[in-house]
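Student: Just so you know, the protein sequences line up as chains E and F, in that order.
At position 213 of the first sequence (counting the first as 1) the number is 216 in this note's numbering, and the numbers step up by one without a gap.
At position 234 of the second sequence (counting the first as 1) the number is 215 in this note's numbering, and the numbers step up by one without a gap.
Read the hints as simulated data drawn from the structure, not as lab findings.
Errors might be hidden in some of the hints.
[What the hints assert, rightly or not] Reference listing, derived: stretches of chain E covered by chain F, where coverage requires no fewer than 3 residues with Cβ under 8 Å from a Cβ of chain F:
(1) 54 to 61
(2) 69 to 83
(3) 86 to 92
(4) 105 to 111
(5) 149 to 161
[Claimed, not checked] Chain F stretches covered by chain E per the calculated footprint, using a threshold of three residues with CB under 8 Å from any CB of chain E:
(6) -2 to 12
(7) 60 to 72
Source: prediction; values computed, not measured.
For each residue, glycine too, the CB sits at the ideal point set by N, CA and C.
Here are the chains, one letter per residue:
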Amino acid sequence: MSNPALVVRDLTKSYAGRPVVDRLSMEAHAGQVTAVLGPNGAGKTTTIECCEGLRTPDSGEIRVLGTDPAAEASAARARVGVMLQDGGLPSGARALEVLTHVSTMYARPRSVDDLVDRLGLAGFAGTTVRRLSGGQRQRLALAIAVVGRPELVFLDEPSAGLDPQSRRAVWDLVRELRDTGVAIVLTTHLMDEAENLADHVYVVDHGSVVAEGTTEQLLAGREQTIRVETSTGLDVASAASLLSQDTGSDWNAVEESPGVYLLHGEVTPAALLATTTWLVQADALAHRISTGQRTLEDVFLELTGRTLR
Amino acid sequence: MTTSTPAPASRRIFAQATFETRAILRNGEQLLVTIILPAIVLVGLVATDVVSMDTGGLSRVDYVTPGVLALAVMATAFTSQAIATAFDRRNGVLRLLATTPLGRGGLVAGKVLGVLAVEVVQVLVLATTALLLGWSPDPSGLLPALVAVLLGTAAFTALALLIAGTMRAEGVLAVANLVLILLALGGGVIIPADHLPGALGPIVSALPSGALAEAMSAALVDGTFALGSLAILALWAAALSVLTARTFRWQ
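Could you build all of it, start to finish, from the sequences and the hints given here?
Tutor: Here it is in structure tokens:
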């Protein structure tokens, strides 16, 4: 594989003595979507802003397309596109005007008309930024991030607040960029975004990488889930032993939140029967039973003992 | 895939200056403070005798116009720029532009050029109005007036960025307007420093507002360089620039 588009080694950054990013290391490659997945406050945005040259790391090394982002070279900045979480759009200017303005900073920008078309900006091209909805601002900010034909794009929570249709347009554009060889780094706290878009996922919590790999690697293993919604306070140990005994394979069980139980093991018809047996013994009525594959949400829960939100 | 390259620096800065100028000239409140307020002061002081003035034998328009031009420079370089930058900073605009090929240096250069462009518009409007009111400036004062405007712009733009880069946007909105009014009334702009009572005169002469007004007056009334006032302005510009560069927070 060619040199990584982004290399972060042992990045550390504290605010007022409180570490926000703690010895974080990651890489991103051309032609791949790399997702930094974690709950709010995990240090995702700080990490990305260090890579964008907007914050100075306390320690560690960052190489963006082979150069130090703190060097402030315009030639290097032209090769990197940025979408900030708060948009960074001037409130008094019109949407199309801002996009056109940023495009003039590049020698060979993408066609503004094409981006307007792709991201559905035409309907609000002449509207001032302060009157745009959150979703409209997000799409405009994405257009601005890619108008300079960057080789590496940083997208901070690109589909936060988007309606399903806009989100699909954003995802399609991200995939198209990837297919043309662009390296894309996005932060998200949305499982489905990471699962649908990312080639490589870094799961981040408390400023450190707690797991990494392809989505397949992270979700690997035959382990599956039976999810039961019923009364609170049932004995999870008895569920695990009953299912293990009746199916002949290993099961474990947790009460994820009051009245919601996750049973992990190889899901078979016998396992489902054992689950209802457990409920009968506990004299509990299930409101809902569902079976499913492990999700990144489960992975995160297992790694940190917490849910993502 | 071809490597993306930035547009030439001159084009980036020119584009930013144009963008900033349009933003200011299109904003109602900004127009009010930069164009309409100085124009009202000019016409109000010249065409009415609501305010009695000791003009030292000059016509009212000759006496008042240099100060009004100084006021216009302060309104654009300081008040308008402080407010615009503070809100751009709060909205993350400064951070986003810093990640484009424009960069932080290009952003500051674009802002300064934008201020100068708005000042050109102001001078056209105010000078035309003054000429219609009978203004007869000393033609040899053009160069010294230009030097005074440039130094005043440097000092007041640095002051604008100093408060915009350290205070909350709402605070900047209040302070930038209040300081303009205080300097206009008591800072040697409309009433010359040497007409102020007691020890106030020398103090006000040393303020950037007083120094700018005195330099403009010396240029346009007498056609001379007020070297002392110009030196004071240059010192303010240098000191405020250093302070701003050290304290400015981009977010």
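Student: Next, verify each hint and record whether it holds.
Tutor: Each hint, compared with the structure:
no. : hint       : verdict
1   : 54 to 61   : holds (count 3)
2   : 69 to 83   : holds (count 7)
3   : 86 to 92   : holds (count 5)
4   : 105 to 111 : holds (count 6)
5   : 149 to 161 : holds (count 4)
6   : -2 to 12   : holds (count 4)
7   : 60 to 72   : holds (count 3)
In this structure, none of the earlier numbered hints is contradicted; all agree with it.
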